[in-house]
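S.K.: Here is how the chains run, residue by residue.
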Amino acid sequence: SAVISQKPSRDICQRGTSLTIQCQVDSQVTMMFWYRQQPGQSLTLIATANQGSEATYESGFVIDKFPISRPNLTFSTLTVSNMSPEDSSIYLCSVDDYLTDTQYFGPGTRLTVL
Amino acid sequence: SQQGEEDPQALSIQEGENATMNCSYKTSINNLQWYRQNSGRGLVHLILIRSNEREKHSGRLRVTLDTSKKSSSLLITASRAADTASYFCATALSGGYNKLIFGAGTRLAVHP
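Going down the list, the sequences are from chains F and R.
Heads up, the first sequence stops at 114 in this note's numbering, and the numbers go up one at a time, no gaps.
Heads up, the second sequence stops at 112 in this note's numbering, and the numbers go up one at a time, no gaps.
One chain only, chain F, in its complex shape (with noise of 0.2 Å):
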């Protein structure tokens, strides 16, 4: 199984500012994928990261407020831009094990806007 890691694993950010989350995968994949989960809700997918081309966004979710790169096989960040208490969340990555189909998850990093 993938081992992901992801930084920061918390943090604690003002109103308008911005905070990226790297996600770091100690094998290469081709899809990376990023959630959102709510304080007390389950996970919702924001996009899917594929290396080379532009990420794909689910309904809800832009690209002005949650740009993501993918420089390289193992590696993606997010970008959760102009912050606001509702982006406060839990916001993982995950890779697909093409082999087997399982989807592994990073420890996730947990956001709280003031």
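Hints are supplied without guarantee of correctness; some may be wrong.
To be verified - With a straight-line cut-off of 30 Å between C-alpha atoms, the simulated DSS-like cross-links for lysine-lysine are:
| # | chain 1 | residue 1 | chain 2 | residue 2 |
| --- | --- | --- | --- | --- |
| 1 | R | Lys26 | R | Lys70 |
| 2 | R | Lys70 | R | Lys56 |
| 3 | R | Lys56 | F | Lys7 |
| 4 | R | Lys99 | R | Lys56 |
| 5 | R | Lys69 | R | Lys56 |
| 6 | F | Lys65 | R | Lys99 |
FYI, nobody ran anything at the bench for these hints, they're computed from the structure.
Mind docking chain R on chain F? Use the hints.
M.R.: Only chain R this time, still in chain F's reference frame:
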């Protein structure tokens, strides 16, 4: 909207009892995956069942899938206090890459 709905939303049992969680979904799927999450941390993958499978086992876990009813169940046998967590089902839709749609989750509390 969420693809999956889970019930119950919360379940409280004693150690040694079995816990059953159910998941329903709306559209055709490639596979369905179950995850555990402890106290808002990362997700731990438990088991994947494909659309052409009906039942899978892994240790104390048993997962069933009924595609005609668009439903799945997760059974944890002989539960332990360490099983206390939230459990989520997630479906990978047919015809696309493996993006997952999550259910609302079941909060399981196992009391010593």
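S.K.: I'd like to know which numbered hints this structure contradicts. Please list them from smallest to largest.
M.R.: 3
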